Amino acid sequence: MAVQNVQYIKLKIKRRDNPSSPSYWQDFHIPYRPNMNIVSALMEIRKNPVTADGQQVNPVVWECNCLEEVCGACTMLINGVPRQACAALTDKLIEKYGDRPIELAPLTKFPVIRDLMVDRTKMFDNLKRVHAWVQVDGSWTIDRGPRLSEKDQRIAYEISHCMTCGCCVEACPNYNSKSDFVGPNAIAQVRMFNLHAIGRMQADERLEALTGPGGIQDCGNSQNCKQVCPKHINLTAHIAAMNRQANAYILKSFLDK
Amino acid sequence: MSKFDFYIRRFHSLIALVPLGLFLCFHFLLNSSVFISNAAYLQVINFMKNAPFIIVLELVLIAIPIIFHGIYGIYIAFLAKNNAFQYRYYRNLAFYLQRVTSIILLAFIIWHVYTVRMAVHTPEGVIGVLLAQMQNPLTLVLYVIGVVSAVFHFTNGLFTFCITWGICVGDRAQKIFALCAVALFVVMSVWAVGILLTLSVA
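Protein chains in written order, with the numbering used here: chain U, 7 to 263; chain P, 759 to 960.
Simulated from the structure, these hints should not be mistaken for lab results. Hints may be right or wrong, so weigh each one.
Said to hold, decoys possible - So the derived label-pair ranges between C-beta atoms look like this:
1) S771/P - I148/U: 34 to 42 Å
2) K98/U - F843/P: 52 to 60 Å
3) R206/U - S771/P: 21 to 29 Å
4) Y765/P - V140/U: 28 to 36 Å
5) K98/U - R846/P: 31 to 39 Å
6) L73/U - I867/P: 49 to 57 Å
7) Y848/P - R106/U: 20 to 28 Å
8) Y848/P - D143/U: 41 to 49 Å
9) D763/P - R150/U: 32 to 40 Å
10) R846/P - L261/U: 43 to 51 Å
This structure is a prediction, so every number in the text was calculated from the model and none was measured. The C-beta atom is built at its ideal place from N, Cα and C for all residues, glycine as well.
Generate the whole structure from the sequences, applying the supplied hints.
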């Protein structure tokens, strides 16, 4: 639909007042302005929190930070697709979906704190579970280690774009309340840290975690993660590469003991 | 940290190919004798029924792996929170169908094994039951659904097997393997339905 004919930017927002109360939908109509994104539309609501049917309500709560799709804080479901609100341009949405209200909902795989704000602690806990950092603390200098080959740098650089936004785990059918799966992003991070010159010294610790409960074996190859990743990280290739590492690790640790 | 989940999932994946996948191909190959004649088919059944240690082979290579793969597979299927209607990507649909076909196959295999292995024992009896089933339009349709589900489950599983075991990693390799799996699905489906139709007009 051509944006010239649009009078209002219509938003349909899934709201919730506190973590234990039920959720409900509210419609908002914002006078059309060109070149807006979902964050600026939500800011308009904050200025004048009146619903489409004229009811004065509490302003909508959401999180945002960098406003350039690198922090992941404003991730939400926009017309059912997990993505960043800052990078969701209203003109593009209207062109794609027409004049129907743009649906905003909080991510479903995390506890909702209020309205569109969720608690993504679980993702960071999963990064801790798989030892997704380079260990430099110790009683002697570790130094920088050898340089990475350009091929390894390319792989690591791609994975380093991950901002733990939650899109991949939101779309993953196997990441849910019934399972303890660490998620696609954590698996990719293990590949990156196992490539790192110093990080690879703890490669076995990461593989130990990745083959433990909720590890890489819980991936069911639906490959949704790759489709929804806003940073176009080839998560399915990284998972397959880690499958190879995990199988070799298990076989080796079985034969070495 | 317990590795039980990892071992059991890898075992579940491995036995799907050897012996179960191989058995499926072997099963189709032997049944292809119906393309020659009913007499040839009868001869093949006779040969298999009289093969040495056939009961042991049936138990170790077919029954026990299928029961384990089936029970553990259904448990895996119920762990997923399917979203094929929200995220309409090809792989996600295949993921969903892999779980749907597992339920279909559980019912189909029980029926199939009961009617042609448990209820009848003589080769003449087996072929009699099969001819009756293929010549009844209702059971023929159930058989077509059953074998096409089996072929889908096998070929899609073959593709995910290559990822699970770290055989194909990169994008290009995955694309080529995915196309091969689709081609294999088409070929094996035509083959299997051909066997059924040959029996239905015999």
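Violated constraints from the hint list, given by number and in increasing order: Violated hints (numbers, rising): 2 and 5; every other hint is consistent with the structure.
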